[in-house]
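Position chain Y relative to chain F; hints supplied.
Protein chains in written order, with this note's numbering: chain F, 1 to 508; chain Y, 1 to 508.
Please note: incorrect hints may appear among the correct ones.
Claimed, not checked - If you want a taste of the chain F side facing chain Y, the calculated C-beta under 10 Å gives, among others:
#1 14
#2 18
#3 21
#4 22
#5 25
#6 26
#7 41
#8 44
#9 249
#10 332
Just so you know, the hints here were simulated from the structure itself, not pulled from any lab data. Virtual Cβ for every residue (Gly too), placed ideally from N, Cα, C.
2 protein chains.
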Amino acid sequence: MTTQAESAYDALVDHWREQALVASCQELLVWDELTRLPDGAMEYRGRQIAYLAGKHHQLATDPRIGEWLDLAERSPLAADPLSDTAVNLREARRQYDRLMRLPRALVEELARLVTAAQHEWKLAREVDDFRRFQPWLARMVLRKREEALCLSTSSEPYDAMLGEYETGFSTADVSALFAALARELPALLVEVLALQTRARRPARPALLRREYAPERQREFCSAMAATLGFDLAHGAIGTSIHPFTSLLGPGDCRIALRFCPRDLREGIFGSLHEIGHALYDQGLPPEHYGTPLGEPASLSIHESQGRLWENAVGKSLGFWQHFLPQLARLFPVEMGDASADDVWRAVNFVEPSLNRVRADDVTYNLHVLIRFELERALLTGDLPVADLPAAWNERYQAHLGMTPQGPREGCLQDGHWAAGMFGYFPTYTIGNLAAAQLLTQAERDLGPTSEQFARGDFATLRTWLSSQVFRHGKRFSTAELVRRTTGQALDYQPLLDGLRARHRELWQ
Amino acid sequence: MTTQAESAYDALVDHWREQALVASCQELLVWDELTRLPDGAMEYRGRQIAYLAGKHHQLATDPRIGEWLDLAERSPLAADPLSDTAVNLREARRQYDRLMRLPRALVEELARLVTAAQHEWKLAREVDDFRRFQPWLARMVLRKREEALCLSTSSEPYDAMLGEYETGFSTADVSALFAALARELPALLVEVLALQTRARRPARPALLRREYAPERQREFCSAMAATLGFDLAHGAIGTSIHPFTSLLGPGDCRIALRFCPRDLREGIFGSLHEIGHALYDQGLPPEHYGTPLGEPASLSIHESQGRLWENAVGKSLGFWQHFLPQLARLFPVEMGDASADDVWRAVNFVEPSLNRVRADDVTYNLHVLIRFELERALLTGDLPVADLPAAWNERYQAHLGMTPQGPREGCLQDGHWAAGMFGYFPTYTIGNLAAAQLLTQAERDLGPTSEQFARGDFATLRTWLSSQVFRHGKRFSTAELVRRTTGQALDYQPLLDGLRARHRELWQ
Numbered sequence: 001m002t003t004q005a006e007s008a009y010d011a012l013v014d015h016w017r018e019q020a021l022v023a024s025c026q027e028l029l030v031w032d033e034l035t036r037l038p039d040g041a042m043e044y045r046g047r048q049i050a051y052l053a054g055k056h057h058q059l060a061t062d063p064r065i066g067e068w069l070d071l072a073e074r075s076p077l078a079a080d081p082l083s084d085t086a087v088n089l090r091e092a093r094r095q096y097d098r099l100m101r102l103p104r105a106l107v108e109e110l111a112r113l114v115t116a117a118q119h120e121w122k123l124a125r126e127v128d129d130f131r132r133f134q135p136w137l138a139r140m141v142l143r144k145r146e147e148a149l150c151l152s153t154s155s156e157p158y159d160a161m162l163g164e165y166e167t168g169f170s171t172a173d174v175s176a177l178f179a180a181l182a183r184e185l186p187a188l189l190v191e192v193l194a195l196q197t198r199a200r201r202p203a204r205p206a207l208l209r210r211e212y213a214p215e216r217q218r219e220f221c222s223a224m225a226a227t228l229g230f231d232l233a234h235g236a237i238g239t240s241i242h243p244f245t246s247l248l249g250p251g252d253c254r255i256a257l258r259f260c261p262r263d264l265r266e267g268i269f270g271s272l273h274e275i276g277h278a279l280y281d282q283g284l285p286p287e288h289y290g291t292p293l294g295e296p297a298s299l300s301i302h303e304s305q306g307r308l309w310e311n312a313v314g315k316s317l318g319f320w321q322h323f324l325p326q327l328a329r330l331f332p333v334e335m336g337d338a339s340a341d342d343v344w345r346a347v348n349f350v351e352p353s354l355n356r357v358r359a360d361d362v363t364y365n366l367h368v369l370i371r372f373e374l375e376r377a378l379l380t381g382d383l384p385v386a387d388l389p390a391a392w393n394e395r396y397q398a399h400l401g402m403t404p405q406g407p408r409e410g411c412l413q414d415g416h417w418a419a420g421m422f423g424y425f426p427t428y429t430i431g432n433l434a435a436a437q438l439l440t441q442a443e444r445d446l447g448p449t450s451e452q453f454a455r456g457d458f459a460t461l462r463t464w465l466s467s468q469v470f471r472h473g474k475r476f477s478t479a480e481l482v483r484r485t486t487g488q489a490l491d492y493q494p495l496l497d498g499l500r501a502r503h504r505e506l507w508q
Numbered sequence: 001m002t003t004q005a006e007s008a009y010d011a012l013v014d015h016w017r018e019q020a021l022v023a024s025c026q027e028l029l030v031w032d033e034l035t036r037l038p039d040g041a042m043e044y045r046g047r048q049i050a051y052l053a054g055k056h057h058q059l060a061t062d063p064r065i066g067e068w069l070d071l072a073e074r075s076p077l078a079a080d081p082l083s084d085t086a087v088n089l090r091e092a093r094r095q096y097d098r099l100m101r102l103p104r105a106l107v108e109e110l111a112r113l114v115t116a117a118q119h120e121w122k123l124a125r126e127v128d129d130f131r132r133f134q135p136w137l138a139r140m141v142l143r144k145r146e147e148a149l150c151l152s153t154s155s156e157p158y159d160a161m162l163g164e165y166e167t168g169f170s171t172a173d174v175s176a177l178f179a180a181l182a183r184e185l186p187a188l189l190v191e192v193l194a195l196q197t198r199a200r201r202p203a204r205p206a207l208l209r210r211e212y213a214p215e216r217q218r219e220f221c222s223a224m225a226a227t228l229g230f231d232l233a234h235g236a237i238g239t240s241i242h243p244f245t246s247l248l249g250p251g252d253c254r255i256a257l258r259f260c261p262r263d264l265r266e267g268i269f270g271s272l273h274e275i276g277h278a279l280y281d282q283g284l285p286p287e288h289y290g291t292p293l294g295e296p297a298s299l300s301i302h303e304s305q306g307r308l309w310e311n312a313v314g315k316s317l318g319f320w321q322h323f324l325p326q327l328a329r330l331f332p333v334e335m336g337d338a339s340a341d342d343v344w345r346a347v348n349f350v351e352p353s354l355n356r357v358r359a360d361d362v363t364y365n366l367h368v369l370i371r372f373e374l375e376r377a378l379l380t381g382d383l384p385v386a387d388l389p390a391a392w393n394e395r396y397q398a399h400l401g402m403t404p405q406g407p408r409e410g411c412l413q414d415g416h417w418a419a420g421m422f423g424y425f426p427t428y429t430i431g432n433l434a435a436a437q438l439l440t441q442a443e444r445d446l447g448p449t450s451e452q453f454a455r456g457d458f459a460t461l462r463t464w465l466s467s468q469v470f471r472h473g474k475r476f477s478t479a480e481l482v483r484r485t486t487g488q489a490l491d492y493q494p495l496l497d498g499l500r501a502r503h504r505e506l507w508q
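Isolated chain F (complex conformation) (with noise of 0.2 Å):
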């Protein structure tokens, strides 16, 4: 006999699956503007995710929600924290209670201010002018200070901010961590540097700024995918201008890459990002999707694949041993004159840079920790917004002794605060440091890794993600992941002994 309360949980997951259907037609819509739409259609493009965006909100607000919420919780179903019911339904609140909370004329005024603030960074960016931008950003902060207000009693509005796109972490806790980092990671950038300098054999980055046909690069990171694991039977390779992976529906999962004709690192270590981000999104539970069990389980762990798969997995010696004989096959002119061990070196070079995207892995989360301290002030109302480009400079000099020349370099060349974004930075570091503990903890449960990559074993490693973090959807929290998996707390010290190891063994 079905009780009124597995009743109300049947009606939620019907209801949850309605709602994964728009919004899976909503992505198509999206991956197909950022890779094939014609300029002329952009303006209905708009006008077809908005309307499918208003028909998903429609649904994911329905009051029927809430009663069905109330009748299950209340019941068996959600007696064992971490059941299949329970966890679904301890998620789905949470989502339900966030857009409960938020009146809709908020809603639509931050998506037309998104689109307009959107547009106008683009220009700004253009033609390098702050001000041109400022109205709009000053706009956006004060409407996601509203929009914090009406999620969180906190007094600190950066926390309802996290709490839009990471459980379980508050303003103070994030602080802790980037103090931590602002504190180790300075001199760590000393030593690797001072290393570099006296390493006996130099690196070659200018290797990789050789001419690389990007039709051929694309060749070799879809092979390379393909290596990787990536499943071209539940998959697809595309071309945008931003390299981003999209999970369409169960069994569709796209990525979309770019490859720029002087720099390989950006085309190859963009791939293996996107790579990481897609084994994730296959490799969750097809079974559950439309459910919060099918889904991943933070940004935070989602930015822990991209990274470990750029960072740990690109920058071992064991892929370049693997990989260099299919390069050179494809650029033999390029790459004739490299040995694995100096694509190794280069890739691996370290180097200051005014920019957040291309930034090694030692400098990286100081790019970021710049954009947290920032925006952190933007919305406390401790930075004014017409200050922004200043401190910001001022920060850049600070942490990485350089000032951007103007701001298209400096603070408009991210666009999250344009689409509203806030609280979104914190997760590629918190991701960056996810990723250094999972790895540690696979290296001590299947041995050196970079020896299997070297041998083409890649499927060592996924298969010990899978069984860790991918198959569990959304059951455990970052935190708990990370704790669950490794025995540790959410820390920064493995990434920092990992970064400290591998440059040590780099260059002595």
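Same frame as chain F, now just chain Y:
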């Protein structure tokens, strides 16, 4: 002051635009399915499409449409039958009444049956066994008869089937057209074959069956599309197993092409056909998108555009005088020994075959005629489903002098019946007739088009088509459009005259 009728009309327009928005999302799902969907995602794609189809059907059968139509039709908005408002009301009324006559249970049953029958048709074709498909076809015929009973009071069920695709033609009209073609085409075919046999310079069709790399064929056809006027700022070119054209939204017309290494004719003429369709779609008035005035006049007129560019343009001497140098640059070895005259003869070579899609333009309408006679007899019951293969083979022997070896190259060749598309085939022939009449008139107005093509001028013809056909949307029916443009009723004589004249010029 806005009248009640005007308010009702405005509400209708808003409602149409919402339907169009949903339909456009569906179009993208289908385009993506046919051009890049991974195999593993097929099943979910079916669910996405069915979901949006359900939403679309719900909108299209909203009873408020009937109320709005009633109000607007009795007002001055409908007074002038060729005004924008009257045309939109006329077409909306037709669509609405048709949908309201179909019981929901039948619509759903047909949708399920189409999915299953298409699947079974593919399997039956693979194993070359009609009996496997027979029960599904029998079920389909039953349902289509039911549908005909709902849609029309005619004693001839085929009338309702025709009305699905083309208004203003009765079964008797179409029968008369095909009877005339059955009388005239065999004599023309014999004349052309005799001419070819006696030609002083024989055709070299083998020229088109050398090894042509698909990637270079694609390069040629993409450049050709741009030269003919396909606008890539409002369109894109993809790849699929069966070439097709799809209007995904205003400013977003896409063509999917296919290239075979050893069949240049198929690649280039398939592309020309789709480019013809696409030029029409891109020429529809975008400001009317979502309303009947922004839609093509009819399937036949759409087909006429595909056929016009495929045959009247692509099989002219001038076309090859212009394009051969470009083709020869891409295929210097394969095309090195061919003159424009050689290619012109090769692409026009007539040869009866068993395959409709690959048929030359003299025999093409005989293939359609056979399908028309058979599908009509299936619906009346004069032809039992079990006897279809024998009847098919008999007619191929009678009209084309050949008998298929099995159903794969016989009655399982086309997927139309599995898709429930009875009454669709005649639009191919009506389109061919219309194309010939349009070209005859164009040459009266513009002078010999082949000479324009030789100069690379395709804009003169395109502009003429735009003013005569494209810009009118659904204002005129097929017959009205032909009469208005050419001063003549729809007729088969210009097609026969044109074919005879071209082949006499070619082979004498």
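Hints, one by one, checked against the model:
Because the smallest distance between the Cβ of residue 14 of chain F and any Cβ of chain Y comes to about 12 Å, over 10 Å, the interface hint for this residue is violated. With a cut of 10 Å, the hint placing residue 18 of chain F at the interface with chain Y holds, because the nearest CB-to-CB distance is about 8 Å. With 10 Å as the threshold, the beta carbon of residue 21 of chain F comes within range of chain Y, its nearest partner Cβ sitting at about 5 Å, so the hint holds. With a cut of 10 Å, the hint placing residue 22 of chain F at the interface with chain Y holds, because the nearest CB-to-CB distance is about 8 Å.
Interface hint at residue 25 of chain F: satisfied, since its Cβ lies 6 Å from the closest Cβ of chain Y, which is below the 10 Å cut-off. The interface hint given for residue 26 of chain F holds, since its Cβ lies 9 Å from the closest Cβ of chain Y, which is under the 10 Å cut-off. Given hint, residue 41 of chain F at the interface with chain Y, holds; its Cβ is 4 Å from that chain's nearest Cβ, closer than 10 Å. Interface restraint check for residue 44 of chain F: the shortest CB-CB distance to chain Y comes to about 4 Å, inside 10 Å, so the restraint holds.
Proximity of residue 249 of chain F to chain Y holds as hinted, the smallest CB-CB distance being about 4 Å (cut-off 10 Å). Below 10 Å, beta-carbon pairs count as interface contacts, and residue 332 of chain F has none with chain Y, the closest being about 22 Å; its hint is therefore violated.
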